[in-house]
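Each protein sequence line maps, in turn, to chains A and B.
Residue 84 in UniProt numbering sits at position 84 of the first sequence; the count goes up by one each step and never skips.
Residue 119 in UniProt numbering sits at position 119 of the second sequence; the count goes up by one each step and never skips.
Check the hints yourself; a few may be wrong.
[Stated by the list, open to error] Computed cross-link-like contacts, BS3-like style, restricted to lysine-lysine with a CA-CA straight-line distance of at most 30 Å:
id, chain 1, residue 1, chain 2, residue 2
1, A, 364, B, 258
2, A, 332, B, 296
3, A, 329, A, 101
4, B, 90, B, 75
5, B, 90, A, 329
6, A, 329, A, 364
7, B, 296, A, 285
8, A, 261, A, 332
9, A, 364, B, 323
10, A, 261, A, 329
11, A, 268, B, 296
12, B, 308, B, 296
[As the list claims (entries may be wrong)] Stretch by stretch, here's where chain A covers chain B in the computed footprint (C-beta under 8 Å, at least three residues):
id, stretch
13, 283-293
14, 297-304
Just so you know, the hints here were simulated from the structure itself, not pulled from any lab data.
Glycine included, C-beta positions come from ideal geometry on N, C-alpha and C.
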Amino acid sequence: MEDDTIDLADEQQDWSFLDAISGTKTTSPHDNNQSLPKRGEKDFEQDDTDYQQKVLQSSLDAMYGALGGERRHNAKNHVRAVWFDELQKAQVDVARGPHFKTIGTSDSQGKVWLYPEETIYLLERGSMELFWPNGVQISLQGAYAVCAGKMGEDGIDKIHTYSHLKRAGFVVQRAYQQSPPSVSVSRDRPLGSSSFSLFSYSWIYRFNVHNIPFLWTHPRQLIFGVYNDRDQIYRDLQLVQAYRHGGPRMSLETAAENPFKVTYFVWKPRAADFKKSSPPPPDFKIVVVNTERQNMPTLEQTEQLFEEAVRRHENGDVLDQRHIMQKLKFGKREIILAMLDYGVINFVTLADVSFASNPLYEDKPKPRRNNGKTRGGAKKRGGKR
Amino acid sequence: MKKQNLNALYPHPYPYVVDVVPPVIHNPISVLYFLCRWIFAGNTSPEYTAEYVDGVVRAVGDAREGLWKMGFFGKGILSRSEPSWDIRTKRRLGLHVEEGVYAPEEVTQFRREQRQHFKAERAKAEEEELKRRQDIDRGLAVADKNEDDKPVRPEFDRDAFLAKSYEMEKRTEDDEVVDSLGNLVDIEFLQLMDVEALFLHMAFGLKVGDMDVKAMVDEFTRKDPRFLTYYAVYHHYRSLGWCVRSGIKFGADFLLYKKGPPFTHAEFCIKVMPKDEPMPDFWWQSNLCRVIGGVKKTTVFCFVDVPKVEGVVDDAKLVEVLKQFKVREVVYRRWIPSRNRD
Chain A
1 MEDDTIDLAD EQQDWSFLDA ISGTKTTSPH DNNQSLPKRG EKDFEQDDTD YQQKVLQSSL
61 DAMYGALGGE RRHNAKNHVR AVWFDELQKA QVDVARGPHF KTIGTSDSQG KVWLYPEETI
121 YLLERGSMEL FWPNGVQISL QGAYAVCAGK MGEDGIDKIH TYSHLKRAGF VVQRAYQQSP
181 PSVSVSRDRP LGSSSFSLFS YSWIYRFNVH NIPFLWTHPR QLIFGVYNDR DQIYRDLQLV
241 QAYRHGGPRM SLETAAENPF KVTYFVWKPR AADFKKSSPP PPDFKIVVVN TERQNMPTLE
301 QTEQLFEEAV RRHENGDVLD QRHIMQKLKF GKREIILAML DYGVINFVTL ADVSFASNPL
361 YEDKPKPRRN NGKTRGGAKK RGGKR
Chain B
1 MKKQNLNALY PHPYPYVVDV VPPVIHNPIS VLYFLCRWIF AGNTSPEYTA EYVDGVVRAV
61 GDAREGLWKM GFFGKGILSR SEPSWDIRTK RRLGLHVEEG VYAPEEVTQF RREQRQHFKA
121 ERAKAEEEEL KRRQDIDRGL AVADKNEDDK PVRPEFDRDA FLAKSYEMEK RTEDDEVVDS
181 LGNLVDIEFL QLMDVEALFL HMAFGLKVGD MDVKAMVDEF TRKDPRFLTY YAVYHHYRSL
241 GWCVRSGIKF GADFLLYKKG PPFTHAEFCI KVMPKDEPMP DFWWQSNLCR VIGGVKKTTV
301 FCFVDVPKVE GVVDDAKLVE VLKQFKVREV VYRRWIPSRN RD
């Protein structure tokens, strides 16, 4: 959890793990007991020892072995599809292979139809060929032209995002294929009202002999007098209205169309229990944005997105039992922006958090329960104060 | 050195000490007890005074110490944050310093020195290992050595190290800070941010020269037209129990500490976003989030609905104005597909 922002792709690649797959075992029997240096240690300054030479060579061989291996797919899974330009969809002749468990939509005749991004993805994998209805084959370049061309100005961004997530192993579907967006119902609770109970007697404490204005001139300050509860001081300080979970939105609802729309629903790779026709609630909702044409979403746009965002507890994530810091960092709902700059993708999560719903002063140390887990505390981390 | 009990050292989260009166329980004796306590309980809070000189709110003496220890307000102008110039200078000039008391800057120095030492030891071990391998190549040695001798962090004599590091630093100017009796004249003051000064004044009665709320709001707004917006955000997080300090180190507006800097690293970086201003582009957002993510903190965009403020803001009006501000937080965090697969 702590280093979930570190991207493995940013680090140097270690190809030796592919040795077993590519079948070009590069390590000879006699140096079986030697292991490669761990990733991250920069000790490749040349020191003219045979040992180092061997380590470098085996690492290089592993990479060549992995890249040189022949890539094949099973002929049984080879499929043909026909592109219908007027529908902007491709029809698969006979859907074969594991991909169709998660890709494509079936019509009433049992034919599988592919969206442009699905067509491109399967073509690029090499397991599918695409034809015009008259039987002429479409090249990959041609496929890009017909598929991306009519998806709108962010078509290519959507295709990139789709392929990126598919290659990372996720199940991806166009948003709202099954059902239109449902507007979540907000329970009305006034912003920023502090809880007041007649039985807290807090009003009694605010006045005593020392604080009666006629007898003493008390300073004009928010906090004065006697308290029976240290937390009451914080409650008395709370003036600014703050959004609370389940409360009303801060921005007014307008008719203006939100340029940020959920593009894809994404599920974690667990295809075994995934049903194309009745998918479970998505694990992530992705909004494709173009960094050239769009700025950060405004609060109003963000609030609109949150209304259809993924609720974290719906995915078995028991938010309410977690530590206050986790609640403040991950929030109740989240939406993911995939921002594209000429094919380069950066993902960012927008989390709906509320500091007012989780006041820090109420976070008192509790008697330690024996769960054997240590929280990622500040002590372990680097960073600056 | 034994680890200090920080909770005992800093028991008060704000510069206000209350006589906590027990709740009324419904029996005659406890009501009597309550009445006694209620009548005689007093406010034992310190009354601190600060000055406003050359556009800076300064606190010295008791206020300097109290405002730092009770809520971690302000910054010592000659120190990293906690005013500690006197400890460091006394040690440097060989004056009496209580045993076991170290300035935070000195503790950092210890850590750096230890780390440097450790790295030197490790480099030495690596060099030996290289030599051994080269010897094996030349047939001068056999490969049989156990490779587990990792360098250990050495024991560290803090006082000897400090004595050495301060040895060369006697200066002629030093005569000016020592009085005729040989005591150090403490010249360091605590500098408060404008938002801190107003907060301490309106909530806990800190006197800032002879300024009242109106004078402070006028003066601080003159310096920064968006002062009230930033103040509302500062007040919001203070009222929830956070220790709020400047976020300039990481390009944000505020840092949120749980309790305070001596306890933990800051957890959150707050960037104030007035709701109706144009939104920045994604490059700006990436800059900020990568810097903050790089130091293992969380980026919070705090959207603020800023009310129209008309007329004079005095102390009653300030409360009314604050009640019209609305805030909502949105956390931005980089999402890595490969880290979210299962």
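Comparing the hints with the structure gives:
Our distance criterion of 30 Å between C-alpha atoms is met by residue 364 of chain A and residue 258 of chain B, whose separation comes to about 12 Å. Taking the CA atoms of residue 332 of chain A and residue 296 of chain B, the gap is about 21 Å. The hint holds against a cut of 30 Å. Proximity of residue 329 of chain A to residue 101 of chain A is assessed by CA-CA distance (about 35 Å); at most 30 Å being required, the pair is judged violated. For the hint pairing residue 90 of chain B with residue 75 of chain B, the CA-to-CA distance comes to about 20 Å; that is within 30 Å, so the pair holds.
A C-alpha spacing of about 43 Å is found between residue 90 of chain B and residue 329 of chain A, which places the hinted pair above 30 Å, so the restraint is violated. Restraint check for residue 329 of chain A and residue 364 of chain A: satisfied, since their Cα atoms lie roughly 18 Å apart, inside the 30 Å limit. Pair hint residue 296 of chain B plus residue 285 of chain A holds up; C-alpha atoms about 25 Å apart against a cutoff of 30 Å. For the proposed pair residue 261 of chain A and residue 332 of chain A, the alpha carbon gap of about 20 Å is at most 30 Å, so the pair holds.
Restraint check: the Cα-Cα separation between residue 364 of chain A and residue 323 of chain B comes to about 27 Å, which is no more than 30 Å; the hinted pair holds. For the suggested pair residue 261 of chain A and residue 329 of chain A, the alpha carbons sit about 24 Å apart, so the restraint of at most 30 Å is met. With a C-alpha separation of about 25 Å, the suggested pairing of residue 268 of chain A with residue 296 of chain B holds against the 30 Å cut-off. Only pairs whose Cα atoms come within 30 Å are accepted, and residue 308 of chain B paired with residue 296 of chain B is rejected, the gap being roughly 37 Å.
Beta-carbon proximity to chain A at under 8 Å applies to 6 residues in the stretch 283-293 of chain B; the threshold of 3 is reached and the given coverage holds. Closer than 8 Å: that is the beta-carbon criterion, and the stretch 297-304 of chain B has 4 residues meeting it against chain A, so the requirement of 3 holds.
Of the numbered hints given earlier, the model fails hints 3, 5 and 12; all others are met.
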